[in-house]
Amino acid sequence: MKKLAVSFVVVATTAAVLAVPALAGTTSVKVGDDYFVRKGGATVTVKKNTTVKWVWTGRNPHDVTASGPQSFRSGSAKKSGSYSRKMTKSGTYRVICTVHSGMKMTLKVK
Amino acid sequence: MSRLCTALAAGALSALVAVTLAGPATAASTPKRTSAKLKLSTKTTTTTLKDGTQRIHYSYGPVHIAPGQNSIFVEPNDLKPKVDGYVTRFAPNLILADGTIPRVDVIHLHHAVWLVNQSPTWGAGEEKTTAAAPPGYGWNYKTSDKWLMNHMIHDLTPTPETVYITYDIDFVPKTDPKAKSIIPIRTEWMDVIGGGYPVFDAIKGTGKLVNGKRRFTYPDDDPKANAQKAAHQWRVTKDGTPVGTAGHLHPGGLYTDLNVTRNGVTKNVFHSVAKYWEPAGAVSWDVSMTATPVDWKINVNPGDVVSTTATYDTSKASWYESMGIMATSVADGHHGVDPFTQSFPRTGQVTHGPLAENRGHGGDPIGLPNPMKLLDGPVVEGKQVLIDGFIYKQGNMTGVGMAGRPPVVQQGKTFTFVNKDAPKGLTGQVFAASGGDLPIYHTITSCKQPCNKSTGIAYPLADGDVTFDSGELGYGPGGFTAAANRDTWDVPKNLPKGTYTYFCRVHPFMRGSFRVVPNKT
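These protein sequence lines are chains X and L, in that order.
For the first sequence, the working numbering assigns the number 1 to the initial residue and increments by one for each residue that follows.
For the second sequence, the working numbering assigns the number 1 to the initial residue and increments by one for each residue that follows.
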């Protein structure tokens, strides 16, 4: 853990020196029928300030409803499109589709 | 969550046990939940049991389930034994194409009834009771018998699915020497209502007060039931012996009773109890029913009237479209005891323990807003709020911004919900083979605020402080449907001011709210 923390600091410092804004980029998450990422669900870990983009790829209606350090949601179920959210608070989020019992994922923001 | 994990872990070791058990499960210790990994075949297979009896596994399907469907079908069924003989045990189930059993909070076996020469003979509800004839008895089977499958498989989500209805028959061919000593039985279908779609509503707060709790018994406590009374009575015309029975109930049901009336005196002959594995109590399909012990045999005489009642817990919630059935196997002649003068067991044991498919109980916080705290939505009095694509278009709890806010109506005024997912003219068909689109029925049913937790077999419930229910909006075949045969519902004008939360009891992930404000005029 200590080693990891150190290397992170190094990266951050380098970025600061280069005067590049601390853009953590975008991570895409698949919204399939009826699962997130892959069947059986998954844990996705991103850096703070990453924008997570959920992308609908299936035929059934789904939503993204999350609880954790903050609650957020994509709105009522839809069959296509995407939903993006910049994750500004670290912690563990539990993300579900309210339509489909058992359709869930864990989102860790570090 | 932790109770769920514990139940799953505990169930891992008990794979197959509850389903393959021939006898009743013992009630002495809490049985373990079956494994979620249990798989059944989608093909017909035959195994031979130790005593030489054949166990034939049938798989009826594929049955294609349309998004959100809640329709009844009757279809020919040729999946039956190839030779004459006796059926001594019947164990039903429901599986997906991969052989796994679907979660009950996703795909739900409302019923499957096996009709033999048009008489209902075996049935399955989500409690999946095994029907076992006592030793020495068997349902008489002839290859010339015409079988029909009457099924109602309910899709709780917009995801289409393919399922199979399975049944394991223990079978003794007529040519087997054992067949000579088997006494034939038939099924007397003891339903609290006869014909059509036999359901009643057990409304919260109705029924008798027993030790501070509400107990609603059908038909006794339903004033509308008198006209139908004749339909649920079996008037005995020749000597007979009921040799087995078990109750069928829906969530909220506590017990069914089988009664015999002779010369004006009524005697209870079996009390089938709902054993709830559900941690929240008598509120879900996580239940098993007790069945008669093997030595239960009751003599009935010509002139006797056999009837059944079903009792529900109406203390905390309403139970819509409830059922009460005691499929009773009967032999000709007298083989048992006189129920009025001799002693016999009135209670029995469950036929299986808790099932893995009932593991999704619901009720966990998921981050949906509390509608009580939302700002007012648009004023809708005299207007329509549409239900379209499984969404209440105003006030849906997953909605963001204005769409998620409760529509507002003044006290004494109303607005109208319209179900666009089941328009007039779309009725579905009794025979699935005829195909076509199916209507998707929705309800507006009050649930206790905030009603914003995760969906499962035990959440949400029809437990609003003020009780209301729209019926299943949409159209279906006459007398053979859960549908209200209208597609609109007017919000009652007499509601006290406040924010109301509701759900669709057909698709309980659908949640919404509306708000009643004081009349300004």
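Honestly, the hints are just simulated from the structure, not real lab data.
What you are looking at is a predicted structure, and each value in this text was computed from that prediction instead of being measured.
C-beta: ideal position from N, C-alpha, C; glycine also.
Wrong hints could be hidden among the right ones.
Unchecked claim - If you anchor each label on the Cβ, the simulated ranges turn out as follows:
| hint | chain 1 | residue 1 | chain 2 | residue 2 | range |
| --- | --- | --- | --- | --- | --- |
| 1 | L | Tyr197 | X | Thr26 | 19 to 27 Å |
| 2 | X | Asn49 | L | Pro378 | 33 to 41 Å |
| 3 | X | Gly41 | L | Asp220 | 44 to 52 Å |
Is 44 to 52 Å right for how far apart the beta carbons of Gly41/X and Asp220/L are? 48 Å, holds
Between Tyr197/L and Thr26/X, does the beta-carbon spacing fit 19 to 27 Å? Hint violated: Cβ distance 52 Å, outside 19 to 27 Å.
State, for the Cβ atoms of Asn49/X and Pro378/L, whether the hinted interval 33 to 41 Å holds or is violated. 36 Å, holds
The earlier numbered hint that this structure contradicts is number 1, and it is the only one.
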